[in-house]
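Protein chains: 2
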Amino acid sequence: MEIVDVETIRYSRTKRRRSDEKGHTHPGPEREATGTLTHVAVEGGPDGYCPGGDERAVEIAKRHLVGEDPLYREELWNRLYRTQRLHGGTLHDKAVCRLDMALWDVAGKVAGLPVYKLLGATRDRVPVYASTMVGDDDPDGLGTPEAYASFASDLVSRGFEAIKLHSWMPPYDASPARVIEMCRRVREEVGRDVDLMLDSHHYYARTEAKRIGDALADLDFRWFEEPMDEHSMSSYEWLTSEVDVPVIGPETAEGKMQTRAEWAKRGVADVGRVGVTDVGGITPAKKTASLYESFGMECESHGDNVGNLHLLCSMAFPGRYHEYGLLHPSYDYEANDDPAVVNTPHPEDGYIEVPDGPGLGLEYDWDYVEANRTN
Amino acid sequence: MEIVDVETIRYSRTKRRRSDEKGHTHPGPEREATGTLTHVAVEGGPDGYCPGGDERAVEIAKRHLVGEDPLYREELWNRLYRTQRLHGGTLHDKAVCRLDMALWDVAGKVAGLPVYKLLGATRDRVPVYASTMVGDDDPDGLGTPEAYASFASDLVSRGFEAIKLHSWMPPYDASPARVIEMCRRVREEVGRDVDLMLDSHHYYARTEAKRIGDALADLDFRWFEEPMDEHSMSSYEWLTSEVDVPVIGPETAEGKMQTRAEWAKRGVADVGRVGVTDVGGITPAKKTASLYESFGMECESHGDNVGNLHLLCSMAFPGRYHEYGLLHPSYDYEANDDPAVVNTPHPEDGYIEVPDGPGLGLEYDWDYVEANRTN
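Chain order of the listed sequences is R and U. So in the numbering used here, spot 232 of the first sequence is number 232, and the numbers just go up one at a time. So in the numbering used here, spot 375 of the second sequence is number 375, and the numbers just go up one at a time.
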């Protein structure tokens, strides 16, 4: 078997999301956008695909992949990883993730098995939490504690038994008092049987984070996520020792499983975290999950990515939840699916099923892609 | 897919190995012995096999395996692991290893791929080191420093570029001075281009271990293995800080990847260690390799087991060597192969190839097994 080409497929689509000045996502008017797929072409097939793509990263990566056996995923992932050092701006972890996932797609198709069974399966569905967008000032959005409470109630009525609140972050007012009040109102609204988590402004100072964390402990929140810059491991070590609510992380801290090993070693967080896009693919995400398991730590996953679903369905040690969203009162998440992907997984009754087809299990609308292709 | 039965196949064979009073292996007169295979029977196939077996362990394990999907390796391994707690004397890690390896054999056969490619391959052959039996007092054996030196020279002439010396251990004289003299003679004999390692008496006191370790550093040994009881992590932490030769471990310490996480966390050894039989299979051995990789630590493998070969061939971060042996001047290791296994891997020019057939890649002589079956 030999990889003969790697390419980024680009196609036009519409989107109904906009980013604020800090980069956080909110609903927006429909606009033209670009969809992408990463395609690993294998002589004689099967080819591998992954949603998302980056042409500049692929140009660098293909030098290391073309001519190689796609089943040597570990070797190829390590080549890409070691190539990143001199290509920090282009061959980023998200790009490596898509290439790695496309290689897992090949392997699963060769084996005739879904990726989670290649990894060693534990289950074929996982509970999800509804993950909200960050707060805003939209009249029909998440502009007040009451608006969050009302949306949380709506999510529970739609079958979600767990909700993660992304609170206000700049440019909106992110004062600890306001965030705590919002968490209090949501807990009052949904009662004690719903799991609640808070993901908050990444740049609080330690005492601000402690003030929020103490409130979350009183409100019986399941975890407290990213209140401070994750590059300051000492701040998280301090916070973890100061508050009773479990502190979770890291998400954005670079350094893949190595950084997560240091967090585990020092007890920087109570609960570990991994997302395939954050660490560069299923290959390092599996290593990270193994690392946390070896330390007896839970490992929760970050992001609504089918790679995380496959990983979660191969873990016997929690990871409990798949993150579903980002959701918003005036945004139909399901209706805004990528039109190139036929079977984007969505939850039912609080659970989401991992696609059971070979490889990643995603099916593509090639007619749509060809009709709207732009490269 | 469903597991319908698990059994231990027993057959008669001959052996030419005996154990001394401490349990170490030496050449012996040919004797009748029992060979075993662990067999996981799957409805409609393919069945999984692994050399070795333990009827008492299998009786406990099969309650947790029969009726289950064999592709759920991670789930099934965790069930066995959690069952061990109340069955410490019977459902030991070696037994769980064989069951786990038989499940990987099934998965590979379903996928039509060798296990190392399921794991994500990096290479199809690895360098080996020749691992000697422990010293003895046989006139044609390993009774003097000169005898070790002569055997080391013989091993080099047979293509081995690395040798691990199991020095004298009780009931033979294991004094540090004698062991150091043996190491010195071997280094003189083979020169500086051959990698030498020492695996020594497990019950030295700290200062004895330091004395040997200092000598090994001067003699440019690659590593120093198990001079003390591995349950004393503090002793290894002390030794690692005291000597310049890299200290390796743990091998026999129970506790799978969790114990190895604690060694990595505390810097108890310079180089990590895993063997599939020590930690309960390929599933936890892969976790352990990931753990060490996350800490930037080398992870060397223990034992001449085909499961270790598959693991090594899926690792991009060293693990450099497969352990081959135990070898002895008057014992033909290859001629004493298990007659049930047709294609036991043996090295050539210092390298050993991983079997490339589906699953573990081992082929069995079913005619021999049936003709000699005893259960």
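Calculated from the structure, these hints are not laboratory results. There's no promise every hint is true.
Repeated chains share a single entry, so a pair holds when one copy, or any two copies, can fit it.
In the SDA-like style, the derived pairs of lysine to any residue whose C-alpha atoms are separated by at most 25 Å in a straight line are [stated by the list, open to error]:
no., residue 1, residue 2
1, Lys-94, Val-156
2, Lys-62, Arg-123
3, Lys-265, Gly-112
4, Lys-15, Pro-27
5, Lys-265, Met-297
Each hint, compared with the structure:
| no. | hint | result |
| --- | --- | --- |
| 1 | Lys-94 <-> Val-156 | neither (32 Å within a copy, 47 Å between copies) |
| 2 | Lys-62 <-> Arg-123 | between (34 Å within a copy, 20 Å between copies) |
| 3 | Lys-265 <-> Gly-112 | neither (38 Å within a copy, 39 Å between copies) |
| 4 | Lys-15 <-> Pro-27 | within (9 Å within a copy, 74 Å between copies) |
| 5 | Lys-265 <-> Met-297 | both (11 Å within a copy, 14 Å between copies) |
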